[in-house]
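> The listed protein sequences derive, respectively, from chains G and S. At position 99 of the first sequence the residue is numbered 99 (the UniProt record's numbering), and the sequence of numbers has no breaks. At position 98 of the second sequence the residue is numbered 98 (the UniProt record's numbering), and the sequence of numbers has no breaks.
Just to be clear, a hint being listed does not mean it is correct.
To be verified - According to the in silico footprint, chain S covers these stretches of chain G (three or more CB under 8 Å from chain S): (1) 9–15; (2) 59–66; (3) 90–96; (4) 245–252.
Keep in mind the hints are simulated off the structure, nothing from the lab. Where a beta carbon is used, it is the ideal one built from N, C-alpha and C, also for glycine.
If you want the building blocks of each chain, they are given just below.
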Amino acid sequence: MNTTGPHTLSPARTTATAARVLRQLRHDPRTIALLLVVPVLMITLLRYVFDGSPQTFDSIGASLLGIFPLITMFLVTSIATLRERTSGTLERLLAMPLGKGDLIAGYALAFGAVAVAQSVLATALSVWVLGLDVTGSPWLLLLVALLDALLGTALGLFVSAFAASEFQAVQFMPAVIFPQLLLCGLFTPRDQMAPVLERISDVLPMSYAVDGMNQVLHHTGVTTDFVRDVLVVAGSALLVLCLGAATLRRRTA
Amino acid sequence: MMNYARDRTEPPREPAPAVEARALTVVRGDRTVLRGLGFTVEPGRITGLLGPSGCGKSTLMRAVVGTQAKVTGTLDVLGHPAGHPALRPRVGYVTQAPSVYTDLTVRQNLDYFAAVLRPGRRHRDARGEAVTRAIDDVDLASHTDALAGTLSGGQRSRVSLAVALLGTPELLVLDEPTVGLDPVLRRDLWHLFHTLAAERGTTILVSSHVMDEAERCHRLLLMREGEILADDTPAALRARTGSDTVEAAFLHLVDEASATATRQEATR
Ligand SMILES: Nc1ncnc2c1ncn2[C@@H]1O[C@H](COP(=O)(O)OP(=O)(O)OP(=O)(O)O)[C@@H](O)[C@H]1O
Ligand SMILES: [Mg+2]
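Just chain G, with the same shape it has in the complex (with noise of 0.2 Å):
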């Protein structure tokens, strides 16, 4: 039986449902603090860690900007949607006339603007206030942190399907996210890991985030590792987000 109903996306269902993804946080203030000061206040903590080597500060400094915006909107969109699906607004919205790329783009449009929001200032602070110093242009950098935000929303989403609890959901976190971490260069370069780890991190997008970052800040234009790291991670995004799309059924048991 064919359930799936049209694939082409309504913009304005689209924007509906990302105004009311907004709308929700609005009246969760306390959120949308911790979503804009945390990532500035561990920003400057590291500054400080890093007192006597800025150049560790520059390097670990540029990857935690990318790295920031993943995990928060990981951690917001699978929250969010698992409430969607444990409240049964979901099953209402999937017996209704909305596209499942309506909700999901929807998501992915409003935590994109809360990441742009939280980009701009964790990034702002780091390049002119705690000297953060990038070789290429800040925007380069909001750029990647955009789109690190973005396949942070498709994991979250994708993840939530998943879990059947908050329990569960915050639990894919460290299951998701840390080995990404561990393996993405921040703590060692990648070609000093052992062979299988560093063929492992090839092909985890996180490692492409991270590097897109360092590019920026060690080269004044767009070099062509900057272009793949931006497609990689962009194409990474897209696929999950259709990953997650799969998950939402009109018909569940």
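With chain G's structure known, arrange chain S with the ligands on it following the hints.
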């Protein structure tokens, strides 16, 4: 678009049923929850779905709106197979547990669902009117700006009902919409259901535990353990069982069915 011209060329006989089920079977987990049901729901009328807890009322309603998996047999809704995309704007569904966003206000909830039903800036005014009307219909005008999460249980389930009223659906599927409401409100809602059926020609399929509500339905489907015990008008049911109330008629039929089941067990 699909072509449904065939429906139009047929001579108008009896109005086609709003819902028609044949050999409808649903499996949930490893239990067969609905066992080969056959029934029809007349258009423009209120059909009550009654039966003990766990007999499969919600499952039946989920099958009708197309959210239930593992449905076999035939189930046609408004001339389409249940769950057909064309039905989504035409069918309103209220789940048993209120499904609204607790972190949005009443109006914000309705605004969003209205935008899903009729998207676009063009319809903004029409949407605003539909939202206000739905809020008035469920008597929540004094709480439009309250968060759904801070409402009482009955108020929240009325928000959920209001969402289903938004798009002027042709078929309303209401899963125990009056549970936890006081007698005055229940009377008002039933009055609303009758108005919808009479003035807008809305077909209503409503489940209930409260037997005096059964008397207010045009037709009743009595269920027990995934089967339909009776499909009749309240008056005919009372007459057939020689009872004064639908409640007594229902108990009579349930006892009769249990006795038959026990006898069959014994002879096996
Ligand atoms: N998600 C599920 N997975 C497996 N079985 C289920 C599920 N939901 C319900 N059931 C079973 O299906 C049967 C019918 O459930 P249903 O919710 O349709 O009953 P109901 O008539 O609506 O009851 P109530 O009046 O209490 O709401 C029950 O025996 C129940 O245990
Ligand atoms: Mg039920």
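> If a hint holds in the structure, say so; if it does not, say that too.
For each hint, the structure was consulted:
Coverage of the segment 9–15 of chain G by chain S holds in this model, with 3 residues showing a Cβ closer than 8 Å to a Cβ of that chain against a need of three. Restraint check on the segment 59–66 of chain G versus chain S: 0 residues with Cβ-Cβ distances below 8 Å, three needed, restraint violated. For the segment 90–96 of chain G, the stated coverage by chain S is satisfied: 6 residues place a CB nearer than 8 Å to a CB of that chain, which reaches the threshold of 3. Counting residues of the segment 245–252 of chain G whose CB falls under 8 Å from any CB of chain S gives 4; the rule of at least 3 is met.
This entry does not satisfy hint 2, going by the numbered hints stated previously; all others are met.
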